[in-house]
Every structure is written in C-alpha cells, then in structure tokens.
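Enquirer: This is what each chain is made of:
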Amino acid sequence: MTVTYERQWLDGDGRNTWMRQFIEFNSKLAILDLGPVAGKSQIIDSPDGAVWSNLFTIDPAVSGIDSQGGLDGLGLAIYQDSIFVSQHIGVTLTDARVLEWDGSSITQHLNSVSQNNSLTYGLLVWNSKLWLISDITSGVLNSRRVVYYYDGSTWTAIVDYDGAAYLNYGSNTTPKNLAKSRRSTLFVYSSQLYLFATRWDTGTSKWGWQIWRFDAGTFDNFTLIYEQYDEYALSGVLLYKGEVVVTANKIAAGPTPSIDARIYSSISLTAWNTLGTYPTLGMVYWAEEINNKIYLNTHDQSVTNRTRVRFFDPWVGDPVLDGDITTNTNAQATGGLINWNNELFVGKYKEIYKRVSDEDVIVPPEEPPIIITEWPFMDKNLAPIDIVTPLRFFDGRILSLPSTSRSLDDKTGLPSVGDLTVTLANHDNEISKWLHDFPIWKGNVVIAWIVKPSQSLSTRLAYFKYVIIDHWREGPNVIVLLRDVLRKYFDRSVPQDICT
Amino acid sequence: MTLLYATTNLINSTTLPPDNAVYRSSEDATYQVENLYNRRPSYPFRFTAKAGQFVKANLGERKIVSISAIFGHNLTNAATVQLHASGTNGSWKLVANYTWRLNDMYVKFGINETWLRLSVSDAGNAVNPILGDWFVAEHSVFENAVVNPGRSDGPEYFVADAETPYGQDHEASYSSGGRFSITLSSINDPTTIDDLETFLDDVIMNNGGRFVWIPNDTQPHVYYVKVMNRRDFANRIVYGDPNELRNWRLEFKILTRGLRLLD
Chain E
738 MTVTYERQWL DGDGRNTWMR QFIEFNSKLA ILDLGPVAGK SQIIDSPDGA VWSNLFTIDP
798 AVSGIDSQGG LDGLGLAIYQ DSIFVSQHIG VTLTDARVLE WDGSSITQHL NSVSQNNSLT
858 YGLLVWNSKL WLISDITSGV LNSRRVVYYY DGSTWTAIVD YDGAAYLNYG SNTTPKNLAK
918 SRRSTLFVYS SQLYLFATRW DTGTSKWGWQ IWRFDAGTFD NFTLIYEQYD EYALSGVLLY
978 KGEVVVTANK IAAGPTPSID ARIYSSISLT AWNTLGTYPT LGMVYWAEEI NNKIYLNTHD
1038 QSVTNRTRVR FFDPWVGDPV LDGDITTNTN AQATGGLINW NNELFVGKYK EIYKRVSDED
1098 VIVPPEEPPI IITEWPFMDK NLAPIDIVTP LRFFDGRILS LPSTSRSLDD KTGLPSVGDL
1158 TVTLANHDNE ISKWLHDFPI WKGNVVIAWI VKPSQSLSTR LAYFKYVIID HWREGPNVIV
1218 LLRDVLRKYF DRSVPQDICT
Chain V
8 MTLLYATTNL INSTTLPPDN AVYRSSEDAT YQVENLYNRR PSYPFRFTAK AGQFVKANLG
68 ERKIVSISAI FGHNLTNAAT VQLHASGTNG SWKLVANYTW RLNDMYVKFG INETWLRLSV
128 SDAGNAVNPI LGDWFVAEHS VFENAVVNPG RSDGPEYFVA DAETPYGQDH EASYSSGGRF
188 SITLSSINDP TTIDDLETFL DDVIMNNGGR FVWIPNDTQP HVYYVKVMNR RDFANRIVYG
248 DPNELRNWRL EFKILTRGLR LLD
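Here the protein sequences come in this chain order: E and V. First residue of the first sequence? That's 738 in my numbering, and the numbers climb one at a time after it. First residue of the second sequence? That's 8 in my numbering, and the numbers climb one at a time after it.
Honestly, the hints are just simulated from the structure, not real lab data. Think of the CB as a built atom: it goes at the ideal place given N, C-alpha and C, for glycine as much as any other residue. Misleading hints may appear alongside valid ones.
Stated by the list, open to error - Result set (DSSO-like, lysine-lysine): computed pairs, CA atoms no more than 30 angstroms apart in a straight line:
(1) Lys1117/E - Lys233/V
(2) Lys1189/E - Lys233/V
(3) Lys1170/E - Lys260/V
(4) Lys233/V - Lys1170/E
(5) Lys1179/E - Lys1117/E
(6) Lys57/V - Lys1117/E
(7) Lys57/V - Lys1030/E
(8) Lys1117/E - Lys260/V
(9) Lys1091/E - Lys1030/E
(10) Lys1189/E - Lys57/V
(11) Lys115/V - Lys233/V
(12) Lys1189/E - Lys260/V
(13) Lys57/V - Lys978/E
(14) Lys1091/E - Lys1202/E
As the list claims (entries may be wrong) - Interface residues of chain E toward chain V, partial, derived using beta-carbon atoms under 8 angstroms:
(15) Ile1107
(16) Pro1113
(17) Ile1122
(18) Asp1123
(19) Ile1124
(20) Val1125
Stated by the list, open to error - Restraint-style ranges between C-beta atoms, simulated for each label pair:
(21) Thr83/V - Glu1080/E: 50 to 60 angstroms
(22) Pro25/V - Pro1152/E: 39 to 49 angstroms
(23) Ala36/V - Asp899/E: 27 to 37 angstroms
(24) Lys1170/E - Arg158/V: 37 to 47 angstroms
(25) Glu964/E - Pro172/V: 49 to 59 angstroms
(26) Ala953/E - Glu163/V: 52 to 62 angstroms
Required output: the full structure, derived from the provided sequences and hints.
Expert: Written as structure tokens, this is what we have:
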C-alpha cells in the first residue's frame, strides 16, 4: 500500500495563511484561512478540495468591524445557516468577537457583552444553540473562563460553576501559546454537554485538565466531575468507538506545550485509561476518527519542523506514521484534519494536502461472532473464554450463554430481546467477592457486544443492553438473569386495537 | 530420556511481590505482574515497552532451581529472552538463553542462587511483550515409576461450527490445546505411600491439578497441564512383600491460552 499526501493549494498568490479548521458549508469543503493579508482573514471553500476560492473576507476596512489580527481564531461553526467564526481582536489580543456571515453580510457578536482582553473559541452547536468558551487573558479579570450560548437572538453566559460565577483557569499566560493546545473544548457525549478545560493548578503548580458537566435540566450551571494534574494539557477530544479519547501535550514548566504527547480514553468520563505516552509524537494539533482509526495531525519539532499525520487505533498499538509533510519555512503549528467525501484533507501552514493511497478494501471472511459482556457497575468484563486485549481483560467465567436473537416490535418499533440466563463460574469464590464489594446487582446494566474472534476489539458491535433482574447460586456457579433494559422503562401493554 | 515434572512454582507473591518496581522494569495497568503466577496462561502479564525488559524474583535464600519455563507469550522469534541469577539484586550471571518456541518454552540448568531475572527484549514486536505464566522450580522425576511405552498424545481444538439450515457453513476457532494420557508402572513398598500418590496429592490438592510436564528432557517440549481424572487412577497388579506393582493412568490437558483479540 502506497500512501502519499498531495498538495492541494499553494500559497503562490501571496497569501500568508494558516489552514486552521475545516468545515463543510453548503456541501463544499471550507476552511478558515487566517491572515491572508495582514489584518484580514477569510473563509475559502472548494467543491472538490482541489480548487479553492474565497467565500468571504473579514476585512475591517470594508465591513466596518473592529480591526482584527493576531492568531488562533479557534472557533468555527455552522448555526442557523450562517458561518460563525470566533476571532481575537487587536494585535495585542485585547478583545474577542464572534463574527457571523449569513451569506451576504457580516455581523459582529459579543461586542457588547464581552469583557476586554478575552479570547473566544470552541464553537459548538448543541441543543439548538451555539455555544462558545470565553477566556479573559489579561487585566484585572485575568484567568476567568465563562461559557456562553446563543439562541439566535440573545447571548447568555453560564455563571454557575459549582457555585462560582466563573472558572479560573489558573494562569495568566498569554493565550497565544496555549491556543496550540486548544485550552479547552466543549464536547457532546451521550447527548450531554461537557466542558473539557486545561487548567493550571496554583496549589500543586502543575498543568492538567478538568471535565465539567452541564446541567441540561436547570440549564444554568456546570458541575466538576473529573480533574487531573499530570502536567498534560488538552489538545483534542473526540469520540471513538463509543469511548471518549483525549489527546494532550505536556506543559512541564509552561506555557508552551511540548512534543511529549499522551492519549487517554474513558467511557464514564470519571475514570480514565492512559492509552499511551509518546514523548516525541509532536504537538497533537487535531485528532479525528476516520475509517475506524484515529488520525492525528501533529507538529513534530523533534527533527525539523514537520507536519506529520499519524493514524492510531488504540486497541492495536502505537501511532503509525502515515504522512510526513515537511515544511521548509519557519513553520507554525499544523492545522486541521477532516474526512470529507471519503478523502482525508490535512491543513498546515500555507498549504492543504489530500491523502492518496492505493489500499484495497479488504472484506473479512465470514465467521460467527462471540458475545462478550461488560459489567460497568463493577468495572468487570466477562466472556465465555479468557480474552486478552490491549486495554482490558475479559474473564472467561461465562460457563453458558443461551442462544439469543433480537427483534423489533411492530407496534412500537422498539427493539427487544428475550431474557438471558448467564451461568458464571464461582468455583474459586471470585464472584462471591464481587458480590461482597458490589452487593447490589439488581437493576444494574450489563452490556453485551458481539465481536469476531479474528478481528480487533475495536470492531465490536453493540448487541444489547440488559438490566440484571435476579441472581442466585447453584453449587459452584452463580446464575444471573438478564432482561432487556428497554422493558424496564417501557414494559406496558401496547394497545392492540385502535379505537375508531 | 526421562520424564520430568515440577509441581510448585517458586514464583509467587512472596518471591515476586506485586506493586514493587524493583521486581519488574514496567507493568501494564491491566495485565499486572501477579498474572505471572496466577496459573492461567490465558490471563497474562504485559510489559509497557519492548526492549530491555525484565522481571525478577527473590527466592529469599539460596535455592536449587533447575527449570525456568514461560507459558503463553507473544514474542517474535527475534526476541532475546534470557535467565540470569545472582546472590544479590545485581552482578547478574547469565544462566541460559531461551530458544524461541511457539506458546511455551523452557530452559533446564542447575543453579543454587537467591535472585533470578528473566530478561526480555523484543524491539521488533508490533505490540508490547506479553508473558502468560513464569514457572521456576527444581524438577523431579519419578524414582520408582516407569512410563510405559505408547501414550495418547495429540492436539485438541475448541471450535464452534455453525451450519445454517440453508447449508452455509461457518466456523470460529477459539483456542487450541492438547490431551495426553500416559500410563506408568510403579514398584513401591506397600508400607509407604507411593511417590505417584504423593505427586497427585501435591498437584491436585495444592496446585489446582496443574503442574509442569516435560515428557522428554532431551527435547524442547514443555507443557503446563492439568490433571483431568479425579479417580480410577491405578490398579494393583502384583501384590507382594516388600514390593508391589501398580499401574497408573494419568490424563492431562494443556491449559488453554485463551483468545487474544488483536493484541
């Protein structure tokens, strides 16, 4: 298999650009192009990724908006058919704005509610609103971080973070350096909104990160659910095979992140596995799931300034170098990644590249899968045979698992599955120990997956989510009765007749 | 050509304590060092780096050791695996180099030392090295028993066949092992306990039926097996004084190495 990265767009026409973030707008691939001419930015787009043209230019002199410049407008989102771009304003990064382009004109937002010296970024659409993060970076209100949302007419700030009116990100370092590690990110997981935030902890004098969960009920506060200070600052958060994966780079002394990277994963968001520590990986600038792998766009300064694309399947091994796009100028950090129209595009300083390969699609042979189970309330994994995977061990304690099939109820359209009686080996009293540590099993969820024995664990497919109805002992075994979790919530008779 | 066996592993939680960085170069969070003596090659130990790795054991005092076996591994045949010994935790003397074999391998030697170090270097491995179980012991032979010629000896496969009513045939191979059945004749003094019975007491009551079996010490085969029969082991053929002849039948199976999903 030969992989090459083809340059798609050159800086031949005098642009001074930094290909930051890709987005799809009106079925075209678009990218935020920072500073093509001093003091301006533009969005350029392309129908095929090869030929690019200007979509709109943010030119203060023309559009009457505040002059802008500086680096790191780390926010781009489509909301209500407009493109929203977050910007710094001023060479010294004094003010922040959010610009909206509706196809014909530019509107400036947040200029009445923003505080001086703030940086906005992290634009995300959730719950029919546009969300962003605002960090204040100098002055008396320095180190404050607030989340805003916009419903199309009004901007509202969230002013309750476990009771505090704002988050304190703990450092008065200039944002320019930390922007490379994307300071913080809003992220949606299991339909909930979370804030992943890099933070300097003044108590331990270490960098680290926190996770705050938004309360979608009261819609006015965030709660801290996790934090760790291991000197790694966030560079990306993504969803991969049902798990949240975080990429981070080390900031030992600060404020500039180094090429020492670390990658974590979690399902619960409150307990994290370190998938690997990579001291020379480079600044992870962007991470996306593409074709069942995580692609990383890194700025690797270990040799000369290089943009390197790596792919990474956490269940297989270390990141594998896929493309080495050397820059021969004083390189800034690399840019975004996107899988668009089944092609991978990479942004970096002044250029956009497309990945070209001749790999064939391999169709795996048919083989019947085996069912494996996760018992998240005890953090145990059980299967009919010991299964070794890089990150978790499936204990082969399932002595018997009856055959099972899923069906759809034709009245409600809900999937259903029959009860499952699972026999677990307790000859060594190991299950008894689990019953002691986790005395209440009934009502807890067990998730069944199916996976093919010759494939990677990351190819597993969700089979069904069960709830434990009952369990008992029979001799050296423990029997567990599992029932379709949907019946716990929807177990009522459906009218079979329609009244007319 | 002698049948060797070893029942009690000198690698245990005392000689290779968990959660102690002195005893290992690196340790995966999920597959920890205590899995090296959990008698389950299918629940292994894993390093977090590929080259220059080791695990150590402190036997507490000088002990005679003659076998060091590894059961279940993912090492490439370019890996360097060595056993070193020392009186202290240092100044290691090379005892033996392992010759790569698929799944299980062992070395036979004779030393009387306190510290042992199993060194693994496998830089060419795509993933971090995994070791199932590490078994160290002084081997034994049956003093008064002779293995009768001919034994049942062959692989065993655990495969699921799924044939649909339409004739489509799939299969999934889950694991492979082996089965053996050997018979021994032993002559012993009826006033004492037959050494085969002593052996079975130790294996079945103290070690879960598991022991290490080397059918022929001139060949590189080593197996971590489990005794399958629980009764009907023996027949007394000749009654006499001061000796009797008993025929023993033992059935073993090789412990499964489990199923690895793209490790």
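Enquirer: Please list, smallest to largest, the hint numbers that this structure does not respect.
Expert: 14, 16, 21
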